[in-house]
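Please arrange chain W on chain S, whose structure you already have, making use of the hints.
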Amino acid sequence: MVKPTVILVGADKGGVGKTTVARTLLDYFTAHQVPVRAFDTESPKGTLKRFHPDVTEIVDVTAIGDQMKIFDTLGSADAKVTVIDVRAGLLSTTLRALNDIGFIESAKKGQISFAVFHILGPSIASLDEIAETASVVGDANYFLVKNFVNNATFFEWDPATYNSYFRKIKGAMEITVAKLNEMACEQVEVASVPFVGFVANKNARGEAANYSFVLRGYVRHWLGNVWGEYDRVKLMDLIAPKAEDNIRQAAG
Amino acid sequence: MSLHNFVTIIASPRSRVGKTLLARMLADFYLHNGRNVMAFDLNADDPTLTQFLPAHSTVAEISDTNGQMALFDRLVADDGVYKVVDLGHKAFRSFFTVAGEIGFAEEARRRSVAPIILFIASPDATSVEAYADLRRLFPQAALVPVHNEMLGSAQHRDKFPVPSAGPVLIHLPALTPGLRKIIERRPFSFVDSSGAAPLDVPLDAHIELQRWLRRIFLEFREMELRVLLADLQSSLQVQAGS
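For the protein sequence lines, the chains are S and W, in the order given.
At position 116 of the first sequence the residue is numbered 116 (my numbering), and the sequence of numbers has no breaks.
Basically my numbering = 1-based index in the second sequence + 1000.
Hints were generated in silico from the structure; no laboratory data involved.
Please note: incorrect hints may appear among the correct ones.
Unchecked claim - Listed next, with one range per pair, are the computed distances between beta-carbon atoms:
| # | chain 1 | residue 1 | chain 2 | residue 2 | range |
| --- | --- | --- | --- | --- | --- |
| 1 | S | 14 | W | 1164 | 54 to 62 Å |
| 2 | W | 1234 | S | 159 | 25 to 33 Å |
| 3 | S | 236 | W | 1152 | 55 to 63 Å |
| 4 | S | 44 | W | 1140 | 46 to 54 Å |
| 5 | W | 1016 | S | 182 | 33 to 41 Å |
Stated by the list, open to error - Partner residues aside, some chain S positions facing chain W, computed with beta carbon under 7 Å:
| # | residue |
| --- | --- |
| 6 | 64 |
| 7 | 163 |
| 8 | 212 |
| 9 | 213 |
| 10 | 217 |
| 11 | 239 |
For every residue, glycine included, the Cβ atom is placed at its ideal position computed from N, Cα and C.
Same shape as in the complex, but just chain S:
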C-alpha cells in the first residue's frame, strides 16, 4: 500500500545543489509512475518551479498558512510523494517547525513516511549542520548527500571527523551524486526542462527539441547513476513498504 511520503531536501548553506537533487527526485518518482508534487520554498523566485512548473508550488515554509497547504493535504492530495525544496539556511528551522506541529511524531507512528535529504557542501561547516539537524530529525529516513554535480571536492573533510558526525544519526545513509558534464548541466539550465525531458529531446512545451545527442547522452548516463543510488538506498520502499516491514510494524 502506498503511504503519503514527505521528502525534505535541504542544507544550511546555499549553492550545494539542493534544487538539482530535488529535480532528480521528481524525475525518479515520475519515472516510477508515482504521482508527485513539489513545494519550492525559494519564495518568490522558485528555481524548482522553473523546471517542474506543473507540479510545483512556491511557498513560504515558515508561514502557517503555507504549512497548512503542505501538511494538511498530505492524505487528500492525488500526489503520494511531496518533495519540499527547502531554501538555504532553513533546514533546521523547518525541521523544528515540523516537530512543533507534531509531524515528526506522526512519522514516528508510521502514518506517513518522512525522509530528509541533507545536501552536504565541501566545507567543514557542513558537518556542523549534521550535528545540528541530528537533534531534531527524529526517526526520519536520513540521507546525507554528497553532491559533486557542481564540482565540489569535499577537500576539507577528514574521514574520521566525518564518520563521527555521520554516526550521530541513527540509520543515516550516504548518497553520492556524481558530477555532470558542465556543458550538459548548462544546457539543461538554459532549456529549463526536467532532466528526463532533456534526455527525451523535448522542450518545455513537450514538443520535439534539438538538443545535442552528446549532451543528452551525458545527462542520461548521469541521471542513471543518480537513480542507481536511489535504488541502492531502496527509496521506493519508503512509499510502498514491503509486506514484511508492515508486519514487523504491526507487531511493534
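Chain W only, in chain S's frame:
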C-alpha cells in the same frame, strides 16, 4: 527496422596497423558506389586521412565536449551520408569511453544508422583484450575483425571471435612494395584510379591495383549485406515474438 546508412569506425589500440588505409578504401568504396561520404580523422597529431581525401574528410577532436558534440552529433545524424571514422590509437580509449557513456550505438540504431566497428586484429594482448571489451560493451554495433595481411600471415581467428549472425572477418590482402609507393602519394583516390591508368602509373601496376581493389570492395560489399541480413533477421525475430 530498415537501416538507412552506416557509420563505420576503423579501430585498433595499436599504431601502424593499416587503419588509415582501410578508412581510405572504405570511403572510396562508398564514392565508387555513388554514395555521399564523410570521413573523420581522429589522428590529431598526424591527420593523414585528410591529405588523401581532402574533399571528403575532416579532422575531428574529442578531448573536449565541443569536439565530442561536433563529431558524435554528426555521426548519428540520419542524413543519408555514410560516415567513416579513422580512429587513431591515441584516441581509442577516450572515443569508446565517450561512446559508451552517451549511448552512441543505441542512438545510431534508433535513427536507422548501422554502427560498425572494423577492428584491425593483431595478436598482442592489448588488441585481444580491447576486442573482447568492445564485444561486451557495444553489442548493438557490428564488430568485424580485419585481418591485414601486411601485418603477417597468422590469422588469430580464435582470438577475435565473430557472432554466428552478422559480418565475418574481412581480409585485407598485402600489396607489393611498388604498389604501396603509388598509393602513398597524396592526395590519392582509389576511385580516380579505377578507370583508365593514370599517365604516371605503369599499366601492369594499374591492373594489379585494380585487382587488389576489387577484392577489398567485394569484402566490403559482403560485409554490408551481412549487416543488413542480420538486421532483417533480428526484425523478423522481434515480429515473430510480438
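Status of the hints after comparison with the structure:
Between residue 14/S and residue 1164/W the CB atoms are about 58 Å apart, so this pair conforms to the stated range of 54 to 62 Å. At about 50 Å, the beta-carbon gap between residue 1234/W and residue 159/S misses the expected band of 25 to 33 Å. The supplied range of 55 to 63 Å is met by residue 236/S and residue 1152/W, whose beta-carbon atoms lie about 56 Å from each other. At roughly 48 Å, the beta-carbon separation of residue 44/S and residue 1140/W lies within the given 46 to 54 Å, and the hint holds.
For the hinted restraint 33 to 41 Å between residue 1016/W and residue 182/S, the CB-CB distance of approximately 36 Å keeps it satisfied. At about 47 Å, the closest approach between the beta carbon of residue 64/S and any beta carbon in chain W exceeds 7 Å, and the interface hint on this residue is violated. Proximity of residue 163/S to chain W is violated relative to the hint, the smallest CB-CB distance being about 32 Å (cut-off 7 Å). Satisfaction of the interface hint for residue 212/S is found here, the shortest Cβ-Cβ separation to chain W being roughly 5 Å, below the 7 Å cut-off.
Annotation: interface hint on residue 213/S holds; nearest CB of chain W at approximately 5 Å, less than 7 Å. Interface hint status for residue 217/S: upheld, as the beta-carbon distance to the closest one in chain W is roughly 2 Å, under 7 Å. The beta carbon of residue 239/S is not positioned within 7 Å of any beta carbon in chain W (closest approach about 29 Å), and the interface hint is therefore violated.
Violated hints, in rising order: 2, 6, 7, 11; the structure is consistent with all others.
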